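Undergrad: Sequence:
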Amino acid sequence: MEEQNEQQINIELSEEVAEGVYANLAIITHSSSEFVLDFIRVMPGVPKAKVKSRVILTPEHAKRLLTALEDNIEKYEAVNGRIKIGNDPTGGAFPMTFGGPIGQA
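The opening position of the sequence shown corresponds to residue 0 in numbering that gives the first Met the number 0, with each subsequent residue numbered one higher.
Bear in mind the hints are in silico, worked out from the structure with no lab data behind them. Note that the coordinates shown come from a computational prediction; the quantities given were computed from them, not determined experimentally. Using N, Cα and C, we set each Cβ at its ideal position, and we do this for glycine too. There may be inaccurate statements among the hints.
Claimed, not checked - Here are the computed distance ranges between Cβ atoms for each label pair:
1. Q7 with P46: 45 to 55 Å
2. P43 with Q7: 36 to 46 Å
3. V20 with N71: 14 to 24 Å
4. A25 with D70: 11 to 21 Å
5. S31 with K83: 33 to 43 Å
Said to hold, decoys possible - With a straight-line cut-off of 27 Å between C-alpha atoms, the simulated DSS-like cross-links for lysine-lysine are:
6. K74 with K62
7. K51 with K62
8. K83 with K51
9. K83 with K62
With the hints as extra help, turn the sequences into a complete structure.
TA: This is the structure:
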């Protein structure tokens with residue numbers, strides 16, 4: 000009988016982090032040693048947007064994240080149906096109008 004040597008990690012989640020940060024735009028850049036994911040909140044009618052969170056990953060962890068996202072999206076779509084992204088099947092540009100009418104002051 001083979002012994003399984005499983006490592007367990009105790010992960011803590013503070014209340015502040017558990018609340019999460021809303022972002023509706025992500026910008027991804029990379030160098031030879033890291034991937035940088037900037038999560039941004041863009042608001043309608045506001046010309047300036049702030050980076051709300053930045054995550055820096057090694058290339059190996061970025062690839063693992065991609066695989067995990069693909070797996071989770073497949074599972075989500077199996078239950079909830081295909082996720083549609085605007086009119087452009089490739090994703091297209093970020094809709095800066097948020098799909099609603101443009102307001103005037």
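Undergrad: Are the hints correct? Go through all of them and say.
TA: Verification of the supplied hints:
For Q7 and P46, the Cβ-Cβ distance of about 48 Å falls inside the hinted range of 45 to 55 Å, so the restraint holds. A hinted range of 36 to 46 Å holds for the C-beta pair P43 and Q7, which are about 45 Å apart. Between V20 and N71 the Cβ separation comes to about 19 Å, which falls inside the hinted range of 14 to 24 Å. At about 19 Å, the CB distance of A25 to D70 agrees with the hint of 11 to 21 Å.
In this structure the hint that S31 and K83 lie 33 to 43 Å apart at CB holds, the actual value being about 36 Å. The straight-line distance between the Cα atoms of K74 and K62 is roughly 19 Å, inside the 27 Å bound, and the hint therefore holds. With a CA separation close to 23 Å, the supplied pair K51 and K62 stays within the 27 Å bound. Proximity of K83 to K51 is assessed by CA-CA distance (about 25 Å); at most 27 Å being required, the pair is judged to hold.
Between K83 and K62 the alpha-carbon distance is near 24 Å, which keeps this suggested pair within the 27 Å criterion.
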